[in-house]
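> One-letter residues, chain by chain:
Number of protein chains: 2
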Amino acid sequence: MPSYTAPTRDAKFIVKEVLDLPGYGNLPGFESATPDLIDSVIDGCGRFASEVLHPLNQVGDREGCTRHPDGSVTTPTGFKAAFDQYVEAGWSTLSQPTEFGGQGMPHVLGFVLEEFVSTANHSFGMYPGLTNGAVSAILATGSDEQKALYAPRMIASEWLGTMNLTEPQCGTDLGLIRTRAEPQADGSYAVTGTKIFISAGEHDLTDNIVHLVLAKTPGAPDSSKGISLFIVPKILVNPDGSLGERNAVQCGSLEHKMGIHGNATCVMNYDGAKGWLVGEEMKGLSAMFIMMNAARLGVGIQGLAQAEIAYQNAVAYARDRRQGRALTGPADPSAKADPILVHPDVRRMLMDAKAYTEGMRALYLWAALLVDLSHKAATPEEREEADMLLGLLTPVLKGYGTDKGFDVAVNMQQVFGGHGYIAEWGMEQFVRDSRIAMIYEGTNGIQAMDLCGRKLAMKGGAGIQRFFALCDEEIASARAQDPLAPLADALDRALGEQKAATMWFMQNAMANPNNLGAGAHHYMHIMGIVSLGLMWLRMAKVASSALSAGDGDDTFYQAKLTTARYFMDRFVPDAGSLRRKIETGAEAVMALEEDAFATAV
Amino acid sequence: MPSYTAPTRDAKFIVKEVLDLPGYGNLPGFESATPDLIDSVIDGCGRFASEVLHPLNQVGDREGCTRHPDGSVTTPTGFKAAFDQYVEAGWSTLSQPTEFGGQGMPHVLGFVLEEFVSTANHSFGMYPGLTNGAVSAILATGSDEQKALYAPRMIASEWLGTMNLTEPQCGTDLGLIRTRAEPQADGSYAVTGTKIFISAGEHDLTDNIVHLVLAKTPGAPDSSKGISLFIVPKILVNPDGSLGERNAVQCGSLEHKMGIHGNATCVMNYDGAKGWLVGEEMKGLSAMFIMMNAARLGVGIQGLAQAEIAYQNAVAYARDRRQGRALTGPADPSAKADPILVHPDVRRMLMDAKAYTEGMRALYLWAALLVDLSHKAATPEEREEADMLLGLLTPVLKGYGTDKGFDVAVNMQQVFGGHGYIAEWGMEQFVRDSRIAMIYEGTNGIQAMDLCGRKLAMKGGAGIQRFFALCDEEIASARAQDPLAPLADALDRALGEQKAATMWFMQNAMANPNNLGAGAHHYMHIMGIVSLGLMWLRMAKVASSALSAGDGDDTFYQAKLTTARYFMDRFVPDAGSLRRKIETGAEAVMALEEDAFATAV
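In the order they appear, the protein sequences are chains Y and Z. If you count by the numbering used here, then the first sequence holds residues 5 to 605, one letter each, in order. If you count by the numbering used here, then the second sequence holds residues 5 to 605, one letter each, in order.
Some hints here could point you the wrong way.
Because identical chains cannot be distinguished in the list, a pair is counted as satisfied if it fits within a single copy or across any two copies.
In silico DMTMM-like links for lysine to aspartate or glutamate, alpha-carbon gap of 20 Å or less [said to hold, decoys possible]:
id, residue 1, residue 2
1, Lys261, Glu67
2, Lys463, Asp391
3, Lys151, Asp211
4, Lys20, Glu35
5, Lys16, Asp47
6, Lys261, Asp391
7, Lys340, Asp226
8, Lys229, Asp342
9, Lys340, Glu171
10, Lys151, Asp342
11, Lys261, Glu428
12, Lys16, Asp40
13, Lys84, Glu21
14, Lys340, Asp177
15, Lys151, Asp275
16, Lys340, Glu385
17, Lys287, Asp226
18, Lys503, Glu55
19, Lys380, Asp43
20, Lys287, Glu186
21, Lys340, Asp324
To be clear, the hints were calculated from the coordinates, so they are not data collected in a lab.
Next up, chain Y with everything else stripped away, as it sits in the complex:
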């Protein structure tokens, strides 16, 4: 049986020491985030995740969800009781706005919660997981009435929310949506169509489910410009918030999937269901992107999450399992074999996991701070800068974060040898569960195109230039400090590769946009390496100061320096080969005739 210990020490290190959250006390909501409160929230999240949610993780995988003939869906044993505890403890309201019943705490803490929940039980985390994004979309674009009616109950997790985008013929290309919304005399719309892959589309955790549905109104352009967003509640809501009649929306079936069995992935049938327009007609895409951006950050965290739990269990196994001898001679001559942790290749995989998970944790928490700053920073310039950097980092967190997270989960499974392939050890579930994160909320190929096709060009390249400047500043300051200089040099090499790749795109993408498309995936990975490298340099700086100051906890801080060195040694070289691949351009990628892909007989 796998186990999970929430990495509370590391989360506190990043939140308090690296990001210095207590130093932002001048921002609204941050004044209450004192060091003591931060500790107590992080510890509380950690306990809840490991003690309540994690024990249900294998149960959820084995049982899955059950759809009954009436279209209702039962979640796995224990999920409902755990969800009630989640709501009672107030976790769902942590970083939600106080005017709608939230606690108004920084998103930085809300994101820590999200990590711990996802790590303990990915499938469980998906039930409340999309609700925050749905609330954000309603708060940003809904009417006052909609905000008052839905937001407080969704924030309190009395009702959960869903995102309904995909249809059988329509995934990435939302212009292909066929679901129709016909205006009715009472101001509502009759929504008709089939949506697929709807996570948490139906379940028994809450009395109501608030579906946010993309559909086309009559006469709207038959493209992504014609899409509108609708609230379609499972149970109609009376003006006083009490529940009325059942709406004409039903779960038609549950998908059989590779993993995340504990989450109900539904085909949803809308049969003239009553819906209400959110925001303006035909402006659904921008409202949807509010949800989507929140969801993408959450998925990036899921990439880290499954890597983290896989890492923890691989470490325990590597310390316990004895096989062979250290290459330098027996490490434990009293036993017949050494723990496999002595083997360099096992350590390589574990160090790789550690360098990724801790770097990713710093990166998503920085992104969380940017979310807060984009809303609450004192000046419009600061808010805009935060928003710009967040936009740039979102596809990297989602795309690079989940590619590498899956990789790490696979490597951690490898540490177990044959036992990694056996269900009871739990490692193969982590691999199966983590696989979805590379796919949903925009495949990682889409993330790469979002980064290279949209975000790089954003505001004339101001975002990427600001990112480069941040890295340059960090490198320059670290070079002045003795133990950090080689780390800074390494990051500078990676950054140089990214700058060169950026320049290559500028020079070659206009002539042929395929040059951008054929290199976008690689560019996203270079930027992932540079972003994690920036985090490692910051963490190394804090760790180095703490060691000099003799604050104690030397094992922890020394490990940061060692892992930073590992990162620079073993992650940075890839930035060079990725750049060289980009610079080969699109020719060999695009040259093959279509028929030549088929198998010749």
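Place chain Z on chain Y using the hints.
The following block gives chain Z in isolation, referenced to the frame of chain Y:
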């Protein structure tokens, strides 16, 4: 539902045009391998695999195997009938020695069969898959009586064979084996112990199963030097070959696994089972390695196999699924969206798959030719050289081949977007099935150590020097031919990285063997890139000549040149970053204190 078309054209291209098998007519058994016969064997294998075995692939995954209370095991619906067809058609005897009832054809053809069978149905292929290796071990080290009694029936697939190495406490480190073999008065041994992860340990395909079991005799050293190999048949065999009593060996349970559900992975309980020593006492390890080396080549082919079928289905999907528009403008303005094959990132993944699968096919078929040459070449020098190269390539085929094969299967799943995660499309099965190949028959970390710790040093480095010389010759000859020169230059760069990494090991592994261990995985991947690059250069040369000669089939040959270029553009750069990782040495890999791996709270 996924489909499978055996890549017969490509197999014929490699066997006849690249390896020139008909040119080896002077070798025993090869004289009958005329071009027509080669075609007919390859076509026959292909038909059998795609028409008989592939339709059972999803069935096997869904049903799995069933163990009954008496310890007997039923394979999935259709497996027994398909196996009977396999035997009747004579496939099992294809490349087995004629003196024991085989057809004596080149292993090159036997390996083509193995690829097609594994691709069509990985789990099915594992039932007969280990028998060849078991036969080889018996033929190499068994008594004349054992050879006569077991080999013909195993070659005819009347009985199948298994390999019993692993025990709960003992995987890689065979010195930890606890299974004991006590000599009996009649010359047999009583074998007692528990073996785990025994593929095809029990099933209903054949009347008998011949287990080859590693065990320790009384007084033997408690290390790998004390291991002996035993034949332990499920049903005792009378001297005339007829079946006698049930032996005291039973399947105790079936493992629940991530994939290969159609194969029975058994816990085998030996309870004083009657066994017979194969070869000399305490020389079991070398006999075992005869089986193991054959098995490792087979596993390398499995890595290719799942990548191949995943590729074929991804191509079909990418041509059919319409989503978005080409970056260069609508490719099919008559429709609302273009096939996703127009998107550079989709093409990148497909080209990557094509470059890997076709390169791997050439590599394993070259290895198969080396198997043949190591037994049948005219002079001892030629046989020794073939054996040496084969020893060097085996861990690369197994380790690099399955790492990259899994990667490709994952990418092909990615082409399907959300549908790739849904069971009915079949892509996720390919990923789950292919994952085992990185683990069994020695994890890929063990392959890397076999390559770097044993094979590089073999005969004073003669093997690797011969490999380098082969590459140098191929590069020099290609540089003289105009369209091949840039490909040769690229391969030369990769080769240069491998030579440098080899040199670095020579200079740094003596001082600290961990420098070797910490870089072995990366070295194996460099050599994988160089080996596939060598194959691509050879294939490009043949394709280029065919195009010049105007032999027709231009689409096929032109695709070889384009894919060779893709390989050089997109695979070769990694050799450089892998080398740089190796050259950072073991320090950051080994520096962390053991406690610092654990999660701090």
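> Hint by hint, note whether the structure agrees.
How the hints compare with the structure:
{"no.": "1", "hint": "Lys261 / Glu67", "in the structure": "both (13 Å within a copy, 16 Å between copies)"}
{"no.": "2", "hint": "Lys463 / Asp391", "in the structure": "within (12 Å within a copy, 62 Å between copies)"}
{"no.": "3", "hint": "Lys151 / Asp211", "in the structure": "within (19 Å within a copy, 71 Å between copies)"}
{"no.": "4", "hint": "Lys20 / Glu35", "in the structure": "within (14 Å within a copy, 76 Å between copies)"}
{"no.": "5", "hint": "Lys16 / Asp47", "in the structure": "within (9 Å within a copy, 63 Å between copies)"}
{"no.": "6", "hint": "Lys261 / Asp391", "in the structure": "neither (35 Å within a copy, 45 Å between copies)"}
{"no.": "7", "hint": "Lys340 / Asp226", "in the structure": "between (71 Å within a copy, 9 Å between copies)"}
{"no.": "8", "hint": "Lys229 / Asp342", "in the structure": "between (63 Å within a copy, 18 Å between copies)"}
{"no.": "9", "hint": "Lys340 / Glu171", "in the structure": "between (58 Å within a copy, 15 Å between copies)"}
{"no.": "10", "hint": "Lys151 / Asp342", "in the structure": "neither (61 Å within a copy, 39 Å between copies)"}
{"no.": "11", "hint": "Lys261 / Glu428", "in the structure": "both (19 Å within a copy, 8 Å between copies)"}
{"no.": "12", "hint": "Lys16 / Asp40", "in the structure": "within (10 Å within a copy, 71 Å between copies)"}
{"no.": "13", "hint": "Lys84 / Glu21", "in the structure": "neither (37 Å within a copy, 64 Å between copies)"}
{"no.": "14", "hint": "Lys340 / Asp177", "in the structure": "between (59 Å within a copy, 10 Å between copies)"}
{"no.": "15", "hint": "Lys151 / Asp275", "in the structure": "neither (25 Å within a copy, 71 Å between copies)"}
{"no.": "16", "hint": "Lys340 / Glu385", "in the structure": "neither (64 Å within a copy, 41 Å between copies)"}
{"no.": "17", "hint": "Lys287 / Asp226", "in the structure": "within (14 Å within a copy, 74 Å between copies)"}
{"no.": "18", "hint": "Lys503 / Glu55", "in the structure": "neither (45 Å within a copy, 52 Å between copies)"}
{"no.": "19", "hint": "Lys380 / Asp43", "in the structure": "neither (23 Å within a copy, 72 Å between copies)"}
{"no.": "20", "hint": "Lys287 / Glu186", "in the structure": "within (16 Å within a copy, 80 Å between copies)"}
{"no.": "21", "hint": "Lys340 / Asp324", "in the structure": "within (13 Å within a copy, 58 Å between copies)"}
Of the hints listed earlier, those the structure fails to meet are numbers 6, 10, 13, 15, 16, 18, 19, in rising order.
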